[in-house]
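Chains as they are written, first to last, in the working numbering: chain H, 5 to 58; chain S, 124 to 957; chain R, 2 to 123; chain C, 27 to 333.
Watch out, some of these pointers could steer you wrong.
Think about it this way: if two alpha-carbon atoms lie no more than 20 angstroms apart in a straight line, the pair counts; the simulated PhoX-like pairs of lysine-lysine are [said to hold, decoys possible]:
#	chain 1	residue 1	chain 2	residue 2
1	C	LYS150	S	LYS847
2	S	LYS889	C	LYS150
3	R	LYS119	R	LYS26
4	H	LYS57	H	LYS47
In short, the hints are calculated from the structure, not lab data. Every value quoted in this text rests on a predicted model; they were computed, and no experiment measured them.
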Amino acid sequence: MATCKDCKGFFAREDDQDRGDCVMRVTDPRQAYYKAVPVEADKDASKCSSFRKR
Amino acid sequence: MGQSTARTEKESSVEELKNRREWWFVAEKTRSKRLDYLRKGVWKKGAIGGNYAPGIKIDLTFPQLFIDKWQEHEGEAIMLQKAHALAHVLDNIPIFITDNSQIMGYIGSAPHNIVWHWQGISMVNEEIYNEEGIIPEPEEESLEILANLNDYWGGRTAVDKLARVLDPEDAVKFMSGAIGWGTPTSAATYSTKDFDYIFKGFEAILAEVEERMEETEEKLQGNPSPEILPLYDKLPRWEAMQIVLEAGIRYAERYARLARTLAEHFESDPERREELLRIAETCERVPAKPPRNLQESLQFDHFVQVLSRYETFEGAWPHRPDYIHGPYYDKDVNQDKRLSKEEALDLVGEHLIRTHEVGIFAPKWAREGLQGITGTWVWTMGGVKPDGSDACNDMTVAYMQAARLVRVSNPTFGFRWHPKVKDEVMRECFECIRHGLGYPSMRNDPVLVANTVHWYGHPVEEARTWVHQACMSPCPTTKYGCQPMRMASATANCAKMIEYALHDGYDPVVNMQMGPKTGDPREFKDFEDLFGAWVKQMEWLRNILVRTVNLGRVKDPEFFGRPFLSAIYERAVETGTDACDPSNGDRGNAWVTGFTWVENADSLAAIKKFVYDEKKYTMDEVLDALNANWVGYEEMRLDFVKNAPKWGNDDDYVDDLMVRCLREVSRHSKENRCPSNNTWPLLPENVSGNIHYANLVGALPNGRRLGDALYDGGISPGPGLDKKGPTAVLKSCGKFDHVTDGRAFLLNQRLSPTQLSGEKGYQLWKAYMKTWADLGLDHVQFNMVDDATLRAAQKDPEKYQEVIVRVAGYSAHFVDISRKTQDNIIQRTVQGLG
Amino acid sequence: MSRRDKWKSARDAMMAPLGKTKGVKTRESVPEVCCGKCEMWFENAYSSEGRGTCRVLKMGSEIHSDKPTYVLEGDAGLISYFNMDASHCSYFSKMELIDTDGTECSDPLFRRALRQMKKFNE
Amino acid sequence: MHPETAFGVVNDIQRMCTCDGPGFRTVVFLKGCYLNCRWCHNPEGKRRYPEVIPFVGNCVRCGECLSVCPTAAVAVDDELGPRIDRSLCSTCLQCVRACTHDALVLWGRIMSVEQVVAEVEQDKTLYVNSGGGVTISGGEPMAQPDFVRAVMEACRKQGIGTALDTCGHAPWEDMEQVLRFTDLVMFDIKQMDTHEHRQYSGVGNELILENARRIAALGVPIRFRIPIIPGSNDSRRNWERAAGFIGRLGNAVLGVDLLPYHPFAGGKYQAFGMDYPYPGGEGLSDDDVAPVIDLFLEHVPEVTVGG
């Protein structure tokens with residue numbers, strides 16, 4: 005099973021390797037930005053559309 | 124060579140644009156690339172007319188994160204329960220860093236999202252469910268989520284709880300929507316913030332809380348006596364403050380972490396990489412510790428504003444950023460030369476943009492009343508220091524210059540004018556007005572300081588720290604001066620006073636006996652009888668609003684709870700109380716906002732003249748005409764419009780009545796008391812409530828029909844009814860005392876832009892301002908866009924996206940307001956300078 | 002009935018659906034003949050969640066049953082909802098739908114805020 | 027002052043003007059003019075006495091005016107709106123009173139010196155703060171010289187600055203008595219060639235130019251206001267002559283205000299149901315005016331464009 009920690013967009017926290025930020029590039033009709041969502045390292049990513057294997 | 128030619132072309136075309144007064148294109152051409160990108164990147168959050176722009180969606184992540192922890196902590200003290208829920212939101216809400224940006228923080232999980240506060244009024248929750256366009260895709264799924272949320276909060280919100288405590292008659296009449304606005308809860312509110320205290324840093328406040336808790340726990344271990352009993356309730360409040368302050372620091376650290384990740388793994392441009400590292404460093408520093416430079420102080424400020432708005436709907440933005448950030452600007456730009464003026468201007472411009480982009484769902488009445496904007500975010504500029512010396516600084520100038528570059532409709536500025544303001548600062552104000560921003564509005568500082576002392580007894584040194592609490596009302600930013608919630612929820616639809624006086628208290632629009640029965644006007648023997656009825660209706664209307672809001676204020680700590688605001692309020696931290704608890708030393712700063720006020724004077728004058736003095740018409744005829752909404756009485760109506768005396772023409776006949784009405788209200792203002800046992804003065808202003816109330820106020824003796832826009836507000840004369848020119852308006856407005864006859868008085872002036880061009884234009888404006896000050900007026904705001912531009916913008920809105928007009932108490936992009944309001948603005952007399 | 006009790010029933014009518022409406026279904030159902038389509042109905046200005054007052058009927062009237070009762074005297078107008086069934090109400094008078102593009106603030110009165118009414122505008 | 031001169035015929039009093047002298051000004055427009063310029067922008071100011079002028083656009087064809095007119099001077103044309111036959115009109119104002127739509131308006135009010143001064147005094151604070159005052163304009167104020175003198179004298183007593191906006195065509199004796207109370211003269215020069223002047227304005231310019239010389243010699247500050255009328259006076263020769271003339275008048279000359287023709291008055295004529303005798307086409311562009319500015323700058327200290 006692919007998990008978040010296998011993804012290129014996952015950045016583990018220094019203080020806690022089991023958790024991290026899912027960082028994504030988003031371009032909306034007006035601006036472009038990087039977005040971060042906190043995730044568990046072992047979260048199931050099999051259904052994630054933005055999963056990119058590390 | 125080629126480059127310099129290109130630059131000359133750019134410059135010459137900027138000159139041409141200036142000559143044509145196309146200020147929005149001037150701004151586009153003169154601002155930095157960064158500001159241009161950020162300005163254009165903003166999603167427009169103010170409703171257009173009354174609808175949200177395509178693409179704007181309600182944020183569903185936020186309420187779902189909140190409710191998870193909220194339900195987990197059910198049964199705990201409300202402040203503690205909320206602190207847990209908020210901390211969970213701050214730890215988990217998606218965050219983002221926009222390209223080119225340097226100031227972080229947004230309320231919501233994406234730039235196109237608007238948030239709302241489900242814990243205020245369940246009617247608003249239902250309104251969101253019913254609203255078209257803002258439900259995120261997939262709609263069906265989102266509606267399910269919303270329905271579940273609404274089912275949970277129904278009956279549990281602050282106003283739902285309040286309605287059960289209120290006298291049922293008051294509850295029904297208050298919520299009829301006919302007599303005024305109001306959300307008597309701090310769920311829909313705004314608060315003054317004392318940055319002298321906040322800038323100590325969250326860690327210092329946490330240490331203070333810790334100390335208080337230890338002290339208290341020690342007492343609780345001591346001799347049992349009734350004195351210690353209230354202490355048990357303080358501990359969970361302090362704990363709540365700790366939780367949110369720590370969560371606030373973690374929220375900032377999330378940005379720091381993201382910025383570092385981007386610098387290390389994503390960014391290839393070395394310059395931007397350096398910026399990202401600086402962002403990281405800044406967010407690691409503030410809000411935990413005091414700011415050391417301009418970027419840190421702006422960032423700290425913005426984090427505080429964002430955190431406040433995660434806690435509640437803050438519909439206004441009381442602030443004095445030039446005063447707060449001025450010393451940091453001075454240090455960075457003038458002393459250390461760490462920043463160039465241009466770099467500083469980028470930060471200041473972005474500060475305006477970050478504020479402008481904040482979007483909070485507003486119920487429909489608020490969207491109509493505040494067209495085109497999210498809230499009345501009037502930032503205070505200029506003024507004096509507590510010792511009375513001039514407080515203007517380089518930051519004042521920087522904000523004015525940045526405003527002309529980014530041209531946002533929100534925040535706007537209110538400038539505290541006083542006789543010691545330097546000419547160069549006055550010129551900056553004038554340039555903003557001349558560039559058609561509609562702001563700053565000009566406030567008479569000596570008058571308003573005296574007014575603040577008069578009504579609430581704030582010490583003069585504290586009164587001198589005042590900021591606009593909302594659009595108009597000054598509030599000190601001191602420990603006991605700060606006002607934690609929107610006591611101005613008492614917002615009166617004043618035209619109802621005269622309407623009810625003429626209809627024995629009955630309101631045909633909502634089919635209800637609203638006011639007291641003051642008698643059939645046909646039986647009145649003279650004008651004094653009518654005026655007596657007016658006074659009773661006025662008192663009744665104010666009483667019901669003040670009663671409701673007073674109760675809402677006292678119950679707020681029980682029904683809503685403000686862990687974050689309490690944590691940044693010195694008096695709440697010190698006493699372990701909710702910031703909104705009136706017993707913690709709050710001095711009070713309440714006022715009744717008076718919408719549709721001038722109609723009273725004009726209507727009373729018309730009847731006095733035609734019915735009682737000249738006996739041209741009988742009361743019977745007048746009432747028949749009003750009941751018929753003037754249909755079939757057009758000749759008579761025109762007589763009432765044209766030949767009855769009208770406010771704003773320096774005509775004592777009607778002006779004396781205005782003064783008399785104001786004095787009656789002022790007397791009553793002192794009889795009404797707020798929970799801190801202070802007064803409730805009237806503050807006539809309208810925002811765009813004159814349009815909202817158009818269908819709610821029946822025909823009036825000033826010739827108005829049901830459905831016609833009301834006057835544009837405050838003490839501004841009716842559109843087109845000020846026939847004697849601007850000085851006559853000023854002189855009428857100068858006939859009452861702006862210190863003792865009310866809280867503040869909004870005055871709109873439209874000036875012709877062609878006449879105010881060049882140096883002569885500035886000198887004339889300054890002479891106008893001097894006269895305004897000589898007459899003792901407290902407020903004036905200007906629209907300086909000509910009719911031709913506005914008409915063209917109506918025809919071709921795409922081309923005029925950036926035309927800003929002053930609506931009343933705030934500015935808005937002209938194309939974002941409804942046709943009816945647009946026409947109303949065009950109709951306002953252009954004061955014929957020449 | 003005391004003053005307080007009299008207004009209490011009006012207050013309860015105003016607050017009644019809060020906390021009682023359940024799920025999507027109740028919120029989405031809009032009868033073909035309903036208060037929201039009647040010109041005698043005036044949506045509340047305090048909130049546009051769909052609550053309103055009748056311009057004719059007073060508190061105490063009951064219109065959504067087979068045998069409606071009409072009260073025409075009293076201090077408070079009847080409070081009802083846009084999606085209240087009005088098929089039995091003899092005071093129902095269908096309103097013309099004009100200018101439904103949503104660019105105008107108050108015309109037709111408030112209707113555009115109610116997503117569920119949209120289907121009738123088409 | 028003679029009792030009969032204590033009253034004047036006033037067309038309008040506009041407050042807070044910025045184009046007619048320094049600072050904020052109250053402009054008193056008097057009625058009546060000696061000249062008959064084809065491009066005149068204030069046709070309602072030409073005649074010396076009060077008159078009823080229709081505002082065609084406001085007329086709703088209700089016919090109230092017809093029923094009250096005792097001399098049958100009013101007619102209402104379905105298309106053109108109200109018309110007044112001046113040979114029949116006795117200015118009894120019955121029609122003005124009857125019209126509730128402002129379609130028939132009285133131009134020219136008989137006002138006493140006191141009434142005018144009382145209204146001018148209203149803005150005193152504003153004059154003090156801006157260096158403004160009263161400007162007497164027209165029509166042609168010198169058509170009512172005694173009245174102008176009395177108003178100015180009274181204003182001066184109140185410490186209010188005075189300015190005279192004149193076409194300059196008036197007997198010197200009249201001019202002289204007014205100038206005693208005038209702080210600033212705004213003096214029109216339309217055309218240096220007397221024949222052309224006569225052709226477009228009905229009178230020659232000898233008296234006008236002579237008065238200009240005399241005012242300058244007296245040392246009363248003077249600004250010249252020069253309308254630029256395409257096809258009437260916009261020749262280089264005319265500007266050279268005018269600039270030369272003004273340049274020789276000495277230190278009293280403060281500057282020249284160029285007033286490029288604009289076609290806005292057309293709308294006014296239309297509103298009054300009058301034919302515009304000078305359909306002069308488009309307004310002038312900055313490029314048209316630039317050479318004229320340069321030319322004048324060689325002779326006078328300051329040149330402005332527009333008011």
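Structure-based check of each hint:
Proximity of C/LYS150 to S/LYS847 is assessed by CA-CA distance (about 15 angstroms); at most 20 angstroms being required, the pair is judged to hold. In summary, the hint linking S/LYS889 to C/LYS150 is supported, as the alpha carbons are separated by about 16 angstroms, within the 20 angstroms threshold. Between R/LYS119 and R/LYS26 the alpha-carbon distance is near 16 angstroms, which keeps this suggested pair within the 20 angstroms criterion. Taking the CA atoms of H/LYS57 and H/LYS47, the gap is about 14 angstroms. The hint holds against a cut of 20 angstroms.
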